[in-house]
Amino acid sequence: MKITRRLLGKAALGLAGAALLMQVPAMAQDRPAPFDKPGAVKIALVRYLSTGDFFQAYLSGVEAQAKALGVDLRVLDSRQDAALQADMVDQAIALGVQGIIIQHGLTESMKEAAQRAVDAGIKVVAFDVNVENPKIPQIEQSDRDLARLALEQAIKDNGESWKAGYVYVAGIAPLDRRNETWVEFKKKYAGINEVAMFGTLDNPIANSVANQARSVLSANPDIKVMFAPYDEFAKGVKIAVDEAGFNKDIKIYSADISTSDIAAMREPDSAWAATAATNPAVVGQVSVRALAQLLAGEDPGHNVIVPPTLITQKDLLDKDIKNMEDLSAKLPQFAHADVAMPAWMPNPNAK
Amino acid sequence: MSSSWVRMAAARDHAIRYGFIVLLFGLIAYFAIAADGFVSPQSAVFIFQSVAITGVLALGVTATLVVGGFDLSIGSVATSAMMAAAYVMVVLEQNAVVAVVACLLIGAVVGLINGWLIVYMRVPDLLATLGMMFLLVGLQRIPTEGRSIATGMTMPDGSVANGTFGSAFLALGRHRFDFFIPNLIPVSVVVLLVLAVLIWFFLEYTRFGRMMYAVGSNERAAELAGAPVKAYKIWAYVISGVFASIGGILLAARLGRGDIASGNNLLLDAVAAALIGYAVLGAAKPNAFGTAVGAVFVGVLLQGLTMMNAPYYTQDFIKGVVLVVALVFTFALSGRGKR
Amino acid sequence: MGKDAVFRVDGLRKSFGHIEVLGGVSLDLHAGEVTVLMGANGAGKSTLVKIISGVYERDGGTMSLAGHDFATQDFALKDFAPNTPAEAIRAGVVTVHQNINDGVVADLDVATNLTLDRLSGSGAPTLFNPGRVRREAKAVADRMGLTIDLKARISDLSLADRQMVAIARAMAHRPKVLILDEPTSSLSSAEADRLFALLDRLREQGVAILYISHRMSDIRRLADRIVSMRDGVISGVFDRKPLDYEGAVNAMLGRKIRLDRIVARNSAKPVLTIDGLRIAEGARPISLTLGDGEVVAITGLVGVGKTALAETLFGVRKPLSGTMALNGKPYAPGSTGEAIAAGVFLVAKDRGENGIVGDFNIQENISLPFHKRMSHLGVLKRRVERATARQQIRELGIVCRSEKDEMSALSGGNQQKVMVARWMSQAAKLFILDEPFQGVDISARRDIAAKLRASANGRATLLFVTELDEALETADRILVMSEQTIVGEHRNADIDLERLLAEVAGGPLHSAA
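Chains as they are written, first to last, in the working numbering: chain A, 55 to 405; chain B, 3 to 341; chain C, 307 to 819.
Careful, some of the hints might be misleading.
What the hints assert, rightly or not - Distance condition first, Cα-Cα at most 16 Å in a straight line; then the derived EDC-like pairs of lysine to aspartate or glutamate:
1) C/Lys457 with C/Asp415
2) C/Lys384 with C/Asp334
3) A/Lys121 with A/Asp90
4) A/Lys368 with A/Asp211
5) C/Lys575 with C/Asp598
6) A/Lys302 with A/Glu321
7) C/Lys678 with B/Glu206
8) A/Lys368 with A/Glu321
9) A/Lys165 with A/Asp182
10) B/Lys287 with C/Glu712
11) C/Lys687 with B/Glu206
12) B/Lys321 with A/Asp256
As the list claims (entries may be wrong) - Calculated from the model, a selection of chain C residues having no Cβ within reach of chain B, i.e. all distances over 10 Å:
13) Asp415
14) Leu508
15) Lys547
16) Asp550
17) Ala638
18) Val705
19) Ala755
As the list claims (entries may be wrong) - Partial list, computed: chain B residues near chain A (C-beta under 7 Å):
20) Ser45
21) Gly154
22) Leu257
23) Asp261
24) Ala263
25) Met309
26) Asn311
By construction, these hints were calculated from the structure, which means they are not laboratory data.
Idealized CB from N, CA, C, for every residue including glycine.
Put together the whole structure using the sequences plus the hints.
Dropping the structure here:
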């Protein structure tokens, strides 16, 4: 490492060639083309959503895997501007990249842009946006599995019959998919009685949801389970439950995880019982790996699904997990997913 | 003829004066019947708690409205203060006092800069504070590279932040005072009430408040009456900034972490409360009492609607309706809108 | 004269709330004639003009305008009822309002302003052709004898130039009826002459002109007929040559002008001494002394520096050079606050703009500058405030229901009394009033003047007035300002009016012819 860094310093002085050679990871020659000379491979990440912990972690995963492969990564961030995101795909084409990862976005605006990239001979994968293109593998975290894992835990903890509060905002794709599972569960277990449904995306979301949840709790003090399949919702519900003093009577089940979520779940007598989560960093790594497989002429499959992990309050306490790093270190299934992992693929988690 | 005309005018006067208060009580009566558990001390306290943060912001923005200005940056000042509180405690591992002081300083400094831009750089108030809003939304992300702040988070340089929110700080969001019923009134509600009384007294009964109204109504006349107009305007923005940062402190104490957020909803709700306040008691001008009533009005509405399982978008809709009705009260019925 | 009327107003009525402003006004305008409309402030002139020009709706009465169908020779009067100013202009009735900035768009250049109505008219081409605009504008400017750079932005022009543009813009419509509302109030005499020459030309072309003014020099120069207005009705029409100017003024005021010769006082004890004060680049320095108990009026045309001098004394602006002393102590206020603290008070001109706080009631308006003296630890003592206001209302005879009345409920004269009351509520060393009789009816004016004289002891009182009558009615001493300096001084006893007027006009008697 030291040598590389020093040489990188020299690169800045003009010894670019030497530096480039040294940057190439040691095992590169064993990999299929074009990854035998990964320094020449340029890929782009075209983002729609970028603010927030999830997207930050996703980006770090993309960066880690790109670094492990030794490829040149460009990040184009449209900051929730759908038209700009489509333009950025064209911009990436103009940059001469070989591969593009489309991260979120709208089907309507991205479908044609993605097709243009494919037409230009560029390999494309899409994460969490359906670009309706058979040549483009879809990377997905399985929202249905997320909801299922959390709800199965709720059934395990509380039996098959309870009064529930449910936090949901329609029209948000992942929440809609999680909602499908909730609807199925309600059908399957007649004892689940949803007495209140609420939710808002007014930010700060946790604060707004807390206000709503307080109202719901005063109207329905007999709620036993709160299903809040998005961690911002769960945070808000937890604040309300604590403020109402119901933290020993109510259990919260959610999806997603972050360091502050871990802290909230670990609090003494915390109502937040379990959450199901896909490690966004892993999703980022899988996105790059699927793209790399395409570039190497391999087929990752049309639907590349990153499996979620169930994280319970008990796990966190027993294994003394305090933050995301601990989680990755102590729950191996969370740190790494064996998806899009051919033998030649470097594992960014390997130390 | 003329006596009936006079009676009608008096009736209209009463409608303008007390219409909104009557509407508020009507609303409470309606929810009391329609929503189970709406009428209880806890419920009342909760309504105050739910509007405490926006209420504090609204009281601050009232000060800028009084001098004829506007402050679009309050939402982002609040969230920046929240981030600052989290950063000071979690990353710098300082105590609650340091965190509170840091937040208040941020509010005051932002207010000073806003005032300076508006008064000395002659940037129109909406534009200056809009710029400040964007600046702060970006600035609050820089120290952590866009991450939210919570104990145990990994910093950009790979180290782990081990500080915690001090219990004294969290008490600001979670402690409750006994008031007839034990553990009834949260700190945030007390803060809201204290600040409301303070700013109300300041605006209505001190010469400084009176002069701020004069500046807002006719700046030139105020200057020719010997008032340091520029100083008053800057002070208004400082008040607004400090109040917004107090809102941010309460927010951080409630959430127990530093959340990346633009605070735009806080801004909009606060401005709505202040504007609804114009209609209270037929004031037809920004006033602290009206702002507080406006905030409670919104709180009552949202509490009642949520208890009745109304979805979130209907709540925005109703908020909008209330605001529009309040503005009609202010500008059309009282006839004060036109000069 | 036998001429047919091209424009006729008959029995026009208008009320605002309970107040009747026009009580049945009838008026004819004839082609090729300048009709001067005279009236005291509040007589209803502006309201009449605003109804004719389509700004206000009338409550009753009719208006009619001659047709202009040359084919059928139909010149009969037709009903004229404009709903908007644009309709009035299209029909051929064009008004140049007193407020210059209403007549021009400050951010556009002169050429665009001159052709604005054609650009915004319904037949205007969609595409803007700068060349054509400039050509048309040049034609308009040439007709007017206007020598302003057509590319200059209005906001960069002087008030007088803006006024010329506003009038030229009105001319571009080739109106049948042209109404000018005090058009010379901010013009220099050379510019006024240019305007008069133009009006002569328009008169020859057969335009019917309604000219509103109470400047006698304008009226003598222009009038073919004089119509006097008082209290919302026509109080006299004078069209027999030679015109009876005195009769017109009497009809306007409703009584003989009785210049109440005041007993001019002398003062021995100086209060304010000004030495070598220059208020503008290139102006000659001003030196003067004001004595205790003395009421001094400074008169002069608009734009000669009266307001600048008032503002310099009050700390709004700084002099270029020179010194001031108040009761023998050096006086150099850095702000209005410092001036007030030193005992120098100013009733600023244009109360709507500079004085009245619209959101405040009478009491709050009166106490405005003296909050500090009426509060304890920053908290206002409302009882003191109310007592002060009540006393002032009594002393100045302000007509109102109570000290809690809104300012907008008061008449102009009473509003002005409140402005004076504001500064009379505390003792001044130097009391300055800038155009205190602007927009004030005659009785309020007399009340204010009498109050000023009665309370004059213990301070120096300085008035800035454009109207000479106001100075003659109020002051012990009259100073004349011209070109940012004092050019003449008269004791108000046996005044050489001719000399005074010559000084006002700027210099020695050069217009003796």
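Hints, one by one, checked against the model:
{"no.": "1", "hint": "C/Lys457 with C/Asp415", "in the structure": "holds, 5 Å"}
{"no.": "2", "hint": "C/Lys384 with C/Asp334", "in the structure": "holds, 14 Å"}
{"no.": "3", "hint": "A/Lys121 with A/Asp90", "in the structure": "holds, 14 Å"}
{"no.": "4", "hint": "A/Lys368 with A/Asp211", "in the structure": "holds, 12 Å"}
{"no.": "5", "hint": "C/Lys575 with C/Asp598", "in the structure": "holds, 5 Å"}
{"no.": "6", "hint": "A/Lys302 with A/Glu321", "in the structure": "holds, 12 Å"}
{"no.": "7", "hint": "C/Lys678 with B/Glu206", "in the structure": "holds, 15 Å"}
{"no.": "8", "hint": "A/Lys368 with A/Glu321", "in the structure": "holds, 12 Å"}
{"no.": "9", "hint": "A/Lys165 with A/Asp182", "in the structure": "holds, 13 Å"}
{"no.": "10", "hint": "B/Lys287 with C/Glu712", "in the structure": "holds, 14 Å"}
{"no.": "11", "hint": "C/Lys687 with B/Glu206", "in the structure": "holds, 12 Å"}
{"no.": "12", "hint": "B/Lys321 with A/Asp256", "in the structure": "holds, 13 Å"}
{"no.": "13", "hint": "Asp415", "in the structure": "holds, 23 Å"}
{"no.": "14", "hint": "Leu508", "in the structure": "holds, 36 Å"}
{"no.": "15", "hint": "Lys547", "in the structure": "holds, 46 Å"}
{"no.": "16", "hint": "Asp550", "in the structure": "holds, 42 Å"}
{"no.": "17", "hint": "Ala638", "in the structure": "holds, 16 Å"}
{"no.": "18", "hint": "Val705", "in the structure": "holds, 20 Å"}
{"no.": "19", "hint": "Ala755", "in the structure": "holds, 22 Å"}
{"no.": "20", "hint": "Ser45", "in the structure": "holds, 5 Å"}
{"no.": "21", "hint": "Gly154", "in the structure": "holds, 3 Å"}
{"no.": "22", "hint": "Leu257", "in the structure": "holds, 5 Å"}
{"no.": "23", "hint": "Asp261", "in the structure": "holds, 5 Å"}
{"no.": "24", "hint": "Ala263", "in the structure": "holds, 4 Å"}
{"no.": "25", "hint": "Met309", "in the structure": "holds, 4 Å"}
{"no.": "26", "hint": "Asn311", "in the structure": "holds, 6 Å"}
Hint compliance for this structure: every hint is met.
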